[in-house]
Amino acid sequence: MIVALIIACEVGFWVLLALGLGVRYLLKWRRTSVVLLLCEPVLELVLFVVTAIDLKNGAEPSWEHGLAALYIGFTVAYGHYTIRWLDGHAAHRLAGGPSPPKPPRFGLARARHEGRLWLRTLLAAAVACTLLQAAVWYVGDSGDVSSLRSFQWAALRAAGIHGLIALTYLIWPKKPPAYAVPHNPPPG
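Residues in the sequence shown are numbered consecutively from 12, following my numbering.
Treat the hints with care, as some may be off.
As the list claims (entries may be wrong) - Pair ranges (Cβ atoms, derived):
id : residue 1 : residue 2 : range
1  : Leu30     : Tyr92     : 14 to 22 Å
2  : Phe59     : Arg123    : 50 to 58 Å
3  : Ser161    : Ala106    : 44 to 52 Å
4  : Thr179    : Phe59     : 31 to 39 Å
5  : Leu49     : Leu167    : 26 to 34 Å
6  : Val147    : Ala106    : 18 to 26 Å
To be verified - Straight line, CA to CA, 30 Å or less: simulated DSSO-like cross-link-like pairs of lysine-lysine:
id : residue 1 : residue 2
7  : Lys67     : Lys113
8  : Lys113    : Lys39
9  : Lys113    : Lys186
Bear in mind the hints are in silico, worked out from the structure with no lab data behind them. All C-beta atoms in this analysis are idealised placements derived from N, C-alpha and C, irrespective of residue type, glycine included.
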């Protein structure tokens with residue numbers, strides 16, 4: 012049941028996002044679009060409550076509960092970022108707005124960008140680990156919490172791997188191709 016709810020929340024996220032952006036840019040109903048987009052966090056709240064009720068009713072903690080925590084952590088960290096990114100593209104495509112800025116591709120600017128994304132992943136892992144730890148305490152000695160613990164380690168590993176990848180952009184910054192570097196002829 013939890014997996015079906017996670018899928019429903021993900022589908023609901025994209026449906027609400029499409030409706031919100033469509034109403035904003037095609038019908039020009041800004042207030043309605045804000046209401047639709049503000050319904051997004053309600054999906055995660057429903058998932059959280061249903062997962063807690065499932066555990067309260069005696070369900071054995073399993074990978075579904077761990078996946079729910081990871082999903083909630085990801086949407087907390089990346090949900091607003093995704094909405095803002097798609098809003099920029101919708102404004103450009105549907106309302107004739109300016110083209111959204113692309114992320115930097117080279118040098119220290121790219122390393123900063125990757126670092127900011129890693130901080131989002133770190134937030135996602137922190138939220139997921141916090142929810143999983145709360146579930147461990149909630150279940151207590153009455154059930155096997157090893158699957159919840161394994162999802163905590165999975166969240167920490169994902170944050171660690173992403174951190175290493177982001178660090179490589181700082182240590183070995185990507186250089187622009189030779190044809191992209193402006194050539195300044197010597198004076199004279």
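Each hint, compared with the structure:
| no. | hint | result |
| --- | --- | --- |
| 1 | Leu30 - Tyr92: 14 to 22 Å | 19 Å, holds |
| 2 | Phe59 - Arg123: 50 to 58 Å | 33 Å, violated |
| 3 | Ser161 - Ala106: 44 to 52 Å | 46 Å, holds |
| 4 | Thr179 - Phe59: 31 to 39 Å | 35 Å, holds |
| 5 | Leu49 - Leu167: 26 to 34 Å | 31 Å, holds |
| 6 | Val147 - Ala106: 18 to 26 Å | 47 Å, violated |
| 7 | Lys67 - Lys113 | 46 Å, violated |
| 8 | Lys113 - Lys39 | 26 Å, holds |
| 9 | Lys113 - Lys186 | 17 Å, holds |
Hints 2, 6, 7, counting from the list given before, are not met by this structure.
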